[in-house]
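If you use full-length UniProt numbering, the sequence shown corresponds to residues 1 to 157, in order.
What the hints contain is simulated information worked out from the structure, not anything from laboratory work. Owing to the predicted nature of the structure, the values given are computational and were not obtained by experimental measurement. One or more hints might be untrue.
[Said to hold, decoys possible] Calculated lysine to aspartate or glutamate pairs in the EDC-like style (CA-CA distance at most 16 angstroms, straight line):
#	residue 1	residue 2
1	K46	E68
2	K46	D147
3	K71	D105
4	K85	E35
[To be verified] Pair ranges (Cβ atoms, derived):
#	residue 1	residue 2	range
5	G81	I108	29 to 35 angstroms
6	G104	Q30	18 to 24 angstroms
7	E25	A112	16 to 22 angstroms
8	I33	K71	17 to 23 angstroms
We put the beta carbon where it would ideally sit given N, CA and C, even for glycine.
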Amino acid sequence: MKKIFIITLISFLLLTGCGKERTEELTGNQPPIAEIHIGDKVYETKLGTYCWSSENQGTCVDSIGPVELLKNEKPITVSPGAVIKFVINSDLMPNKFFVEQITGDHQITEVAVNDNAFQAPIQKGIYYYSYGVWWMDEKKPNVAHGDAFYNFVLEVM
Numbered sequence: 001m002k003k004i005f006i007i008t009l010i011s012f013l014l015l016t017g018c019g020k021e022r023t024e025e026l027t028g029n030q031p032p033i034a035e036i037h038i039g040d041k042v043y044e045t046k047l048g049t050y051c052w053s054s055e056n057q058g059t060c061v062d063s064i065g066p067v068e069l070l071k072n073e074k075p076i077t078v079s080p081g082a083v084i085k086f087v088i089n090s091d092l093m094p095n096k097f098f099v100e101q102i103t104g105d106h107q108i109t110e111v112a113v114n115d116n117a118f119q120a121p122i123q124k125g126i127y128y129y130s131y132g133v134w135w136m137d138e139k140k141p142n143v144a145h146g147d148a149f150y151n152f153v154l155e156v157m
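Using the sequences plus the hints, can you model the full thing?
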């Protein structure tokens, strides 16, 4: 009887130890909508490549690059140095991000972001942007529960 109790106890501890420990879950079947705010105006971004995991199901969607994805989109007109602020409407916010700027001649530059905002270039021209975000596990290093690349195009006039 004692052996059965010990085997049952060990089995229970092993099974509960192998369960997922996530107190917060991503929701929906794709990443939330991301917007950019410029002054008092709000613009939607275009969702590109993403991986999303919710309700024990994962989905990855691959997309063409930002320049090709946005080639038929009208650029958002901004003044030189305008502040562009990112807003994601989600209860669970991403905790890792970066922004890349792509010029017409396909030069890629990482853009510094502070407080979810960056400044438009001073030089006039058309600039494509890819805003990459990750929902990283806070306890397990290098484990992401979701990622998304939001894209938009600006014309500095």
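Hint check:
no., hint, result
1, K46 <-> E68, "holds (12 angstroms)"
2, K46 <-> D147, "holds (14 angstroms)"
3, K71 <-> D105, "holds (14 angstroms)"
4, K85 <-> E35, "holds (8 angstroms)"
5, G81 <-> I108: 29 to 35 angstroms, "violated (21 angstroms)"
6, G104 <-> Q30: 18 to 24 angstroms, "violated (30 angstroms)"
7, E25 <-> A112: 16 to 22 angstroms, "violated (32 angstroms)"
8, I33 <-> K71: 17 to 23 angstroms, "holds (22 angstroms)"
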